[in-house]
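Enquirer: Chain by chain, the residues:
There are 2 protein chains.
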Amino acid sequence: MKIIRTIQEMKQHASKLKKQGQAIGFVPTMGYLHEGHQQLMSKARQENDILIVSIFVNPLQFGPNEDFERYPRDEQRDIKTAEYNQVDVLFIPEKADMYPSPRSISLHVLRRSNVLCGRSREGHFEGVVTVLSKLFNITLPDKVYFGMKDAQQVAVVDALINDLNYPIEIIPVSTVRELDGLAKSSRNVYLSDQERDEANNIYKALQFGLKLVVDGEKNPDNIVQEVKDFILSNTHGKIDYVELLSYPELTPITSINEQVILATAVHFERARLIDNVVFNGQGSVSERI
Amino acid sequence: MKIIRTIQEMKQHASKLKKQGQAIGFVPTMGYLHEGHQQLMSKARQENDILIVSIFVNPLQFGPNEDFERYPRDEQRDIKTAEYNQVDVLFIPEKADMYPSPRSISLHVLRRSNVLCGRSREGHFEGVVTVLSKLFNITLPDKVYFGMKDAQQVAVVDALINDLNYPIEIIPVSTVRELDGLAKSSRNVYLSDQERDEANNIYKALQFGLKLVVDGEKNPDNIVQEVKDFILSNTHGKIDYVELLSYPELTPITSINEQVILATAVHFERARLIDNVVFNGQGSVSERI
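Protein sequences appear in the order of chains A and B.
Position 89 of the first sequence, counting from 1, maps to 90 under our numbering, and the rest follow consecutively.
Position 236 of the second sequence, counting from 1, maps to 237 under our numbering, and the rest follow consecutively.
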């Protein structure tokens, strides 16, 4: 496995690979790799000649009161994980190389952003699309892989690729879960023992909401309220949001006909956890984009 | 010469060329091709395996009171001109294909934009960087060619490429002029006979300003004032601006030491003409970026 730490070297290497006609799969990450990431790498490994993984904790996508400084980092472990997952190139750029000041160009997200996590994380998706525009141009992927755990991110990246005509296919990958259903996340390490015991109720709440649809409930407001009640009854978490929207457009709906997302974010003492399910009007789970 | 009219076909073709290891030169234009464009094509033809030229009158870079509707168009003549200049692929996309609504992502230009033409053309450079981001992703060029007549555009595109790490080299090409010095432009057709006779004084005014520097004048304000006086004395045009700034940063200067640009825009009855010279502290003309 090749470890590359400068943009210039990564660009040269990617350009060489493209000229050789190699199909490049790319998994952008903020490191602290867990099974969710390994799922992305595994799928990308199968579908491409070359697998590039990036590790970059992107300051631009953290708000001023968010956890950029204390976001978990463990480069040595990440390198071993990447090697174990047959990564060809691990790209670990420096902040100063990625964001030499001053910036002249900024990207803004006009749709799909001001709901769910985007509502309470101002500037978050601006940071996401900015760093991804850069990483796409640096690594020149044919396919990029994102976890459906952050389904809004998948929707926004889909919009970025379509709007700016990137020659890239986005591959959404199903959320990887613990045995009790809790979605894997780098932030789960921040949960207390009691919070960890309760946290599986987030996924249970979403499954409960989905069951209401399967059983014939079509009113989004009723479903959202039932899911909120479930979370409040079964955890000490504070609900940031529970929303039911069209997917991937992320617009409000009055009835469940097309593909929708039921998503939630819950604050615990030191961690904010997110999860979602995507399904159609009959309640069949599907993750088309 | 291949004429391609859909984004999808252009992307497939460009991707195939890249896999073959072909070096792609790209000349984006708004059509109505003149000798200025031919200069760009000629240079791109020499320096690359494949020459792609696009024709797209980009609505996003025209202000509400600008000349989008009556911008000159002559596709049949442009096709002949492209053929004559040994273009390999002429890409002529449709507006509806380039901008399917609604847009989800917008690009903003934070620096280099709020001076010169950017000051009076709000949103112009946003439109330029948006369409170029798209065209770059569609045509996958190794090198892109821009005329120095729009030196601010060269500076902004340079910022776009650097900030978003496009794997592209920008090649600035010297302004092509009529025998009397008037910079070639698609908009020159709008000049009356009398205006056309006077219009060469725009370039003469810039040369006059440059001579002041060669003769030892270092004060930007004095030079700007002398150039304004020259234009007002020798044309019936209305000055939009005369500015002397660092280049390509386009920041104000108090003395002429590093590379600078002396630029002007002059309104005539039905046409707004721009021109500039770029030179260093000794008054030597140079167009590094």
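Any given hint could be a false lead.
Below 25 angstroms or equal to it, Euclidean Cα-Cα: the simulated BS3-like pairs (lysine-lysine) are [as the list claims (entries may be wrong)]: (1) B:K81 <-> B:K96; (2) B:K44 <-> B:K185; (3) B:K144 <-> B:K12; (4) B:K12 <-> A:K20; (5) B:K144 <-> B:K3; (6) A:K44 <-> B:K20; (7) B:K150 <-> B:K239; (8) B:K20 <-> B:K44; (9) B:K229 <-> A:K20; (10) B:K44 <-> B:K96; (11) A:K185 <-> A:K212; (12) A:K12 <-> B:K144; (13) A:K17 <-> B:K12; (14) B:K185 <-> B:K81; (15) B:K44 <-> A:K144; (16) A:K20 <-> B:K3; (17) A:K20 <-> B:K144; (18) B:K20 <-> A:K17; (19) A:K12 <-> B:K12; (20) A:K81 <-> A:K185; (21) A:K20 <-> A:K96; (22) B:K150 <-> A:K17; (23) A:K3 <-> A:K212; (24) A:K20 <-> B:K20; (25) A:K12 <-> B:K229; (26) B:K219 <-> B:K185.
Quick look at which bits of chain A chain B covers, simulated, 3 or more residues with Cβ under 8 angstroms [as the list claims (entries may be wrong)]: (27) 53 to 61; (28) 265 to 273.
Don't read these hints as lab results, they were simulated from the structure.
Glycine residues also receive a C-beta, built at the ideal position from the N, C-alpha and C atoms.
Enquirer: Evaluate each hint against the coordinates.
Expert: Status of each hint after checking the structure:
1. B:K81 <-> B:K96: The hint holds at about 22 angstroms.
2. B:K44 <-> B:K185: Within the cut-off at roughly 17 angstroms; holds.
3. B:K144 <-> B:K12: Roughly 17 angstroms between the alpha carbons, so the hint for K144 (chain B) and K12 (chain B) holds.
4. B:K12 <-> A:K20: 16 angstroms, holds
5. B:K144 <-> B:K3: 20 angstroms, holds
6. A:K44 <-> B:K20: Within the cut-off at roughly 23 angstroms; holds.
7. B:K150 <-> B:K239: Answer holds: K150 (chain B) to K239 (chain B) is near 19 angstroms, not above 25 angstroms.
8. B:K20 <-> B:K44: 24 angstroms, holds
9. B:K229 <-> A:K20: Judged against 25 angstroms, a Cα distance of about 52 angstroms means the pair is violated.
10. B:K44 <-> B:K96: 28 angstroms, violated
11. A:K185 <-> A:K212: 23 angstroms, holds
12. A:K12 <-> B:K144: 15 angstroms, holds
13. A:K17 <-> B:K12: 19 angstroms, holds
14. B:K185 <-> B:K81: 19 angstroms, holds
15. B:K44 <-> A:K144: Status violated; Cα separation ~34 angstroms.
16. A:K20 <-> B:K3: Answer holds: K20 (chain A) to K3 (chain B) is near 22 angstroms, not above 25 angstroms.
17. A:K20 <-> B:K144: Within the cut-off at roughly 15 angstroms; holds.
18. B:K20 <-> A:K17: 10 angstroms, holds
19. A:K12 <-> B:K12: It holds: about 20 angstroms lies between the C-alpha atoms, which stays within 25 angstroms.
20. A:K81 <-> A:K185: Holds, because 19 angstroms separates the two Cα atoms, which is no more than 25 angstroms.
21. A:K20 <-> A:K96: 28 angstroms, violated
22. B:K150 <-> A:K17: 34 angstroms, violated
23. A:K3 <-> A:K212: 47 angstroms, violated
24. A:K20 <-> B:K20: Roughly 5 angstroms between the alpha carbons, so the hint for K20 (chain A) and K20 (chain B) holds.
25. A:K12 <-> B:K229: Roughly 46 angstroms separates the two Cα atoms, so the pair is violated.
26. B:K219 <-> B:K185: 30 angstroms, violated
27. 53 to 61: violated (count 0)
28. 265 to 273: violated (count 0)
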